[in-house]
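Engineer: Each chain is listed here by its residues.
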Amino acid sequence: MKRLFLVLVVMGFAVFNSVSALGSENFRQRMHTKLWMQRTEEDTKAEILFGREVAARILGMYGLYGNNRVLRYVNLVGDAVAVFSGRSDIDFKFAVLDTDSINAYSAPGGYVFVTKGAIEVMDDEAELAAVLAHEIGHVVNMDIVRELGIKAKGGVSAGFAKIMGGTRESIGVAMKQLVDKAIQILFETGYKREDEFKADQTAVVLLALSGYDPTAIIRYLKKVSKISGSKTEILDKTHPPFEERIKRIEIFIKENGIATDKGVKMKERFRKECLKYVR
Amino acid sequence: MKTKKILLAILVSLFISSTVHAKAVWVKSVKAPVLEAPRLGSKVLFYLKKGEKINVLSEKGFWLKIDYNNKTGWIYKMLVSNSRPMSKVTVIEKMSETEPAVKARRRASANISAAAARGLVREYRRRSSGKYFADYKALKIVENINITQEEVEKFLNTLR
Chain A
0 MKRLFLVLVV MGFAVFNSVS ALGSENFRQR MHTKLWMQRT EEDTKAEILF
50 GREVAARILG MYGLYGNNRV LRYVNLVGDA VAVFSGRSDI DFKFAVLDTD
100 SINAYSAPGG YVFVTKGAIE VMDDEAELAA VLAHEIGHVV NMDIVRELGI
150 KAKGGVSAGF AKIMGGTRES IGVAMKQLVD KAIQILFETG YKREDEFKAD
200 QTAVVLLALS GYDPTAIIRY LKKVSKISGS KTEILDKTHP PFEERIKRIE
250 IFIKENGIAT DKGVKMKERF RKECLKYVR
Chain B
0 MKTKKILLAI LVSLFISSTV HAKAVWVKSV KAPVLEAPRL GSKVLFYLKK
50 GEKINVLSEK GFWLKIDYNN KTGWIYKMLV SNSRPMSKVT VIEKMSETEP
100 AVKARRRASA NISAAAARGL VREYRRRSSG KYFADYKALK IVENINITQE
150 EVEKFLNTLR
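In order, the protein sequences belong to chains A and B. According to numbering that gives the first Met the number 0, the stretch in the first sequence is residues 0 to 278, in order. According to numbering that gives the first Met the number 0, the stretch in the second sequence is residues 0 to 159, in order.
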């Protein structure tokens, strides 16, 4: 009896440990899952309302590129990728910024922007999808939301309450400060390096899931890395070095056995629907 | 003796729960491909839609081996969640075009000559409206772009 009891104790520990290991992910993934599971509809509303304020300021910085045909096309490409993002609780909206600088931005709540300058560098639709997918990655991974603690409760409730209550005379001072912090992240300091690398990986995954060539992001980054000067000033100071990004993406693709001979580029459609108007 | 029996019961139930472990997850993306192998780019067997409940058979890195209506395959973990997914959240825009900041912007705009460079105009607006100028009019244009799910599906089909 004593021996049987001891055997069962050992079996129990072995089983318990294997059950824990089965569900184990890396720490970051667990934290992201935890964050996601704790979110409520009110949190998403707070995220969208905050994101709108940030988006409005991004648009205020550069202006909206007004070609409707291009806007619709960019939204189709973005939506085709976002469908696989896992953030089906928000409506992604995509727009082109009227500036020759080469960059892309995203705000919480699903607002994604790519500059005219960035599009001019691209050769095909897959590269456009890659840039949009990287920004979708920041939204999916909730990088700004986590960094600034954007929640319905425990966040800057006074500011959010004012907006959500519809008075809208002004967003609270604390809210404005948060919005300014978000703009600083986007235009001055950049995201954490690991957040950028993660967004690159998310981009590769989204490209592969939607049917685009997953190496499109590498092709785009290689081209941009050869450009310097005022056009890439903000990109250079807010992102890790191109070589490091490209290397990490290549390692990610190799380690995960991602097929690189499949996936479309859609060069002709990109030229017809987008590039010819932008250049 | 009683303590031993209790411990025994706990251990047996732990063992049983692990072997009968049938975790269910829900599709949280609008669309989720189920693949033949746990590798991006492998053959798509079928697609699942948001909200569909699937049984997890095993895990491998970023992948879950799942069973859905007796069909098995691999799904990327990013596309599922442990709880039923949230419906799409919309926010009713309460701000109207009569908002004071917008009115002030229009007045300022009218006073600037057509020859003013775009950058100068924007800089003026930035100074007059605080640290960063917010263009809600452009934001509305962006938010009013409407792409239907049917259009997205049709577009996606061109990528296959």
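Worth flagging that the hints you see were computed from the coordinates, not collected in a lab. Remember, predicted model here, so these are calculated numbers, not experimental data. Heads up, the beta-carbon is just placed ideally off N, CA and C, and yes, glycines get one too. One or more of the hints may lead you astray.
Within a straight-line C-alpha distance of at most 20 Å, the following computed EDC-like cross-link-like pairs (lysine to aspartate or glutamate) qualify [claimed, not checked]: (1) B/K76 to B/D66; (2) B/K136 to A/D97; (3) B/K130 to A/D90; (4) B/K153 to A/D90.
Covered stretches of chain A (chain B as the covering partner; in silico rule of three or more C-beta atoms under 8 Å from a C-beta of chain B) [to be verified]: (5) 43–53; (6) 68–82; (7) 228–242; (8) 251–257.
Engineer: For every hint, state whether the structure bears it out.
Structural biologist: To see whether the hints hold, each was checked on the structure:
1. B/K76 to B/D66: Status holds; Cα separation ~14 Å.
2. B/K136 to A/D97: Holds. B/K136 to A/D97 sits at ~15 Å (cutoff 20 Å).
3. B/K130 to A/D90: Distance of about 28 Å is beyond 20 Å: violated.
4. B/K153 to A/D90: 18 Å, holds
5. 43–53: holds (count 6)
6. 68–82: Check passed, 9 qualifying residues.
7. 228–242: That given contact is violated, which follows from only 0 residues of the stretch 228–242 of chain A lying within Cβ reach (below 8 Å) of chain B.
8. 251–257: The restraint on the stretch 251–257 of chain A holds, since 3 of its residues have a Cβ under 8 Å from chain B and three suffice.
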